[in-house]
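Engineer: Sequence:
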Amino acid sequence: MIIRNSVVIVYDIEIFPNVFHCTCKDTETNKLYFFEISNRKNQLTELVDFFFFKNTGDKMFCGYNNKHYDDVIINYLIDFYYKMDSLSYLKICNSLFNLSSTIVTSEEGDTSKFKRWKYAKYFYSMDLLTMLFSSKLRVGLKEMQVTMHYKNVEEYSGDFNQFLPDSEIDNMIEYNINDVESTTELLNRLKDDVQLRLFIEKEYGIDALSMDSVKFGETLLLKKYCEKTRLSEQYVKTLRSPMDYIPLKDVILPFISYKNPKLQDVLKDMKSQVVYSKERKGYEKKFVLSNVRYSIGVGGIHSLHTPRIFVPSDNEYIGHSDVASMYPSFIIKYKWIPRHLGKEFWQVYSQIYKERIEAKHSGQKLKNLALKLTLNSVTGKMQQETSWMYDPFSVFKIRINGQLILLMLVDRLLELNCKIVQVNTDGVMYIAQKAQREAVQEAVSEVEQLTQLTFESDDYEAFYQYAINDYFGVEKGYSQSHDPKLIEKKGMFITDPRLGKGLAPAIIPKAVINYFLTKQPISEYIKNSKNIEDFLMYQRVDKKFKVLHGDVPIQRINRFYASTNDYSLFKVDPTGKVANMLTKSGVTILNKMNDIPIEGRHLNYQYYISEANKIISEFVYQQLELF
91 MIIRNSVVIV YDIEIFPNVF HCTCKDTETN KLYFFEISNR KNQLTELVDF
141 FFFKNTGDKM FCGYNNKHYD DVIINYLIDF YYKMDSLSYL KICNSLFNLS
191 STIVTSEEGD TSKFKRWKYA KYFYSMDLLT MLFSSKLRVG LKEMQVTMHY
241 KNVEEYSGDF NQFLPDSEID NMIEYNINDV ESTTELLNRL KDDVQLRLFI
291 EKEYGIDALS MDSVKFGETL LLKKYCEKTR LSEQYVKTLR SPMDYIPLKD
341 VILPFISYKN PKLQDVLKDM KSQVVYSKER KGYEKKFVLS NVRYSIGVGG
391 IHSLHTPRIF VPSDNEYIGH SDVASMYPSF IIKYKWIPRH LGKEFWQVYS
441 QIYKERIEAK HSGQKLKNLA LKLTLNSVTG KMQQETSWMY DPFSVFKIRI
491 NGQLILLMLV DRLLELNCKI VQVNTDGVMY IAQKAQREAV QEAVSEVEQL
541 TQLTFESDDY EAFYQYAIND YFGVEKGYSQ SHDPKLIEKK GMFITDPRLG
591 KGLAPAIIPK AVINYFLTKQ PISEYIKNSK NIEDFLMYQR VDKKFKVLHG
641 DVPIQRINRF YASTNDYSLF KVDPTGKVAN MLTKSGVTIL NKMNDIPIEG
691 RHLNYQYYIS EANKIISEFV YQQLELF
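In the numbering used here, each number is its position in the sequence shown, counted from 1, plus 90.
Hint data in this document are derived by calculation from the structure and do not stem from the laboratory.
A hint or two may mislead.
Cross-link-like lysine to aspartate or glutamate pairs, in silico, DMTMM-like; alpha carbons within 20 Å at most [unchecked claim]: (1) Lys462 / Asp302; (2) Lys580 / Glu708; (3) Lys704 / Asp560; (4) Lys208 / Asp302; (5) Lys609 / Asp548; (6) Lys157 / Asp355; (7) Lys579 / Asp412; (8) Lys682 / Glu271.
Turn these sequences into a full structure, and let the hints guide you.
Structural biologist: Here it is in structure tokens:
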């Protein structure tokens, strides 16, 4: 891979009290480079040459969590090269081990003891961890390997705090190579993400390669705001509009009103509340309206559900109306911006919004996505005390009025005798009579006119809701085309692995969805699957636990499948208490993929069949309860 006319070099390091090792991979030639400092050899000079002295800018280094760890170590080696060059291998390794321990044991966000090397600029690097996740959501490389279905997710079995025998060095290097190869695979999967950030760099002059979407959105807004106001970024970063206690009556729009007595009471109750802004769930109210349970409050609105199947009759349709770009629209229409930033912020935000719409209509996909992410980054930062956009009063206006406006639509739909399917975040799903379609659209238009917001509406052929964030919907047109893109999946029904989002057996939701769409028996569908990846799951336990497969100690992160001829998986806490991690079956560990055909794996098909049938039975039982 070439980025900025430089070859991407993926790298990773390992440190012991007596051994340092670094593996580098040229992503163009696939050549591996090894640098070792140990009793066997001392390649300090070769390493420093590769990263610094003989690096003419033709290499861009890439790692996973390298900005916080690997880069610091390499910068330290470069910084003190002339001193270290005269030291024994053991003193060099011991010095690196002490720095490594300092980094690993430092408090979250505290870089004071290694700041000098964390921010040194001896070589350029990009970090896939910070590209994917915010600083508060860090996913380890092993977990990324699991969700990639990577061939080898085995942890290193040795103790990094102990001297490594010479006889074990080559085994450690194999582990290190595996981390480099998996990071390379991750980089290849993130080509679109890389292209987006290169576009941002070219278009806006922001080095975004190691930034997550919220970070580069905030950075772009700050840059444009400072250009507009001619204020320094350093000064703007000190600004805030704190407000600890917020009377909700002060944030609610004056036109919010309801005809339904229950909703009138809800509004009255909300107006009487004063909330502490630093508690996201500081206010919550639950109520029942037309046999649907609702929860509203600081955390947002959603309906509360048991498993339900919604299939319209011949005279009905399932409609879904959601607010287009709800949060950005509030900011544009009502100027609910961080109060300390003034009209200039609104002007900057409005211009970005305009440019995004133009990019969308003209087919500029990268620009559209970049600006969309920028616009969406604001409300999260408005409730974050560490951000220069912090203003809880303004963000409460957005969040509280958003849910009250959705209830205004619910109010009107109930007047038309519609059945509410769900309400969640920015939209309402309902079942209405086909003869009422025009009246429903008039109700939506009325809310649009009152609020100055725009609703987008579409139809579903069926909707299967297990819980508020666990469902799948069959969009209009599926029965004719059978296009899998018309099956909307959420939560437990998502069948494709998501990077860093855990791993559950995909065969279960696949079988359930297929059953409801085709009536193919669960057992038949599951037993016909030949892809072992569909049956895999994983468990990760905290460092305080030990993990046993039967009575054999194994690593803390494990990929496995339910099997009929293998041991149970247990975790043991510091007191010796033992807990079964998959009580319904023994498991076969598959941390390292192999070529055994699925017929020879002794899969416990009954486990997967039972789990799928359980979901179906809950749907069916709840439907029977309705009648």
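Engineer: Give a verdict on every hint.
Structural biologist: Outcome of the hint check:
1. Taken as a hint, the Lys462 and Asp302 pair is honoured in the structure, with Cα atoms around 14 Å apart against an allowance of 20 Å.
2. At most 20 Å may separate the alpha-carbon atoms for a hinted pair to count; Lys580 and Glu708 meet this at roughly 18 Å.
3. Only pairs whose Cα atoms come within 20 Å are accepted, and Lys704 paired with Asp560 is accepted, the gap being roughly 15 Å.
4. For the proposed pair Lys208 and Asp302, the alpha carbon gap of about 19 Å is at most 20 Å, so the pair holds.
5. Simply put, Lys609 and Asp548 have alpha-carbon atoms about 26 Å apart, too far for the 20 Å limit, and the pair is violated.
6. For the given pair, Lys157 sits about 53 Å from Asp355 by alpha-carbon distance, which is inconsistent with the 20 Å threshold.
7. Simply put, Lys579 and Asp412 have alpha-carbon atoms about 17 Å apart, close enough for the 20 Å limit, and the pair holds.
8. With a CA separation close to 14 Å, the supplied pair Lys682 and Glu271 stays within the 20 Å bound.
In this structure, the earlier hints numbered 5, 6 are contradicted, and the remaining ones agree with it.
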